[in-house]
Amino acid sequence: MHKALVACRAGVGSSLMLKIKTEQVIKENGFPIQVEHSSLDAVSGFDGDLLITLADVAKELESQNLKQTIIGINNIVDKIEIENKLSEFLNR
Amino acid sequence: MLSEMIKEEFIQLELEVTDWEEAIRKSAEPLLIGGKITSEYIEKIIETTQKIGPYIVITKNVALPHAPTQYGALDLAMGITTLKTPVKSGNKTNDPVKYLFCMSAKDSETHLESMAELVNLLSDQTFYHVLDTAKKPMDILDYIIESE
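Protein chains in written order, with our numbering: chain S, 1 to 92; chain W, 93 to 240.
Calculated directly from the structure, the hints in this document are not laboratory data.
No residue lacks a Cβ here, since even glycine has one placed at the ideal position from N, Cα and C.
Hints should not be assumed to be uniformly reliable.
[Stated by the list, open to error] Covered, in the sense of this in silico footprint (three residues per stretch, anywhere, with C-beta under 8 Å from a C-beta of chain W), are these stretches of chain S:
no., region
1, 3-14
2, 25-37
3, 44-50
4, 53-67
Please put together the full structure from these sequences, using the hints given.
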C-alpha cells in the first residue's frame with residue numbers, strides 16, 4: 001500500500017477537492033493507494049512516497065529535491081488525467 | 093451543504109474586469125463586505141499567485157481563489173463570480189478564466205461535504221449552462237440547492 005499526500009497552498013480548498021476526486025479514482029480502479037490531505041506545510045513531515053498537487057504547485061515542489069514522487073494535476077475534475085498519472089506511478 | 097456557504101449577495105454576474113488581479117479582487121469583494129474575510133486575505137491570494145503562478149485555477153475556465161486560514165479567513169463562505177469577458181491567468185491548460193469561486197474556510201474538515209458537492213457541480217455541464225444563462229444570482233443558488 002502506497003501512502004499519498006494531497007497538498008495545496010492552503011489545504012482548505014483545491015487540495016480538498018483534489019483529494020475527493022483522487023479517492024473516487026482510487027476506489028473505482030482499486031489502486032493500492034491511501035490518501036491524506038493538508039497544506040504544503042505538512043510536506044516536510046510526510047513519510048509516504050507520493051505527493052499529489054496542482055500542476056503549478058508541483059513545479060515548485062520539484063525544485064525542492066523531495067524523496068517523494070510528485071504528481072501535478074492540471075484539471076481536478078478530469079478523472080482520466082488522475083487515473084493515467086496514478087497508473088503511471090504504480091507501473092514505474 | 094454548499095448552499096449554506098453561499099449567500100445571494102455573494103453571487104455576481106457578468107462582471108467586467110481588465111485583468112487577472114482585478115478578477116481576484118472583485119470575486120473576493122462580497123466576502124469582504126460580508127465580514128467573511130479581511131483585506132489581508134485578498135492580498136495573500138494575489139501575492140501567492142504572483143509568486144508561484146495561478147495555483148487557484150483548478151479546471152477549464154474555473155478559478156477557486158483562496159488562501160490559508162490564518163491570513164484572514166474569518167468564516168466559512170463562498171462567492172460565485174462570472175466574467176463578461178474571460179481573463180488569462182497564465183494557466184496553460186485551463187485558461188481563460190470565466191468563473192471564480194472565491195472561498196474562505198476556518199479549517200480543512202468541516203466543509204468536506206460542500207467541497208464534494210462543488211467538485212460534482214464542476215463536472216456537470218448543465219451547471220455551466222446555468223452560470224452562463226443566469227439572469228439573477230438566485231438562478232444559480234436555486235440550481236445548487238436543487239442538486240443537493
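Review point. Of the numbered hints stated previously, which ones are contradicted by the structure, given in increasing order?
Key: Of the numbered hints, 2, 3 do not hold.
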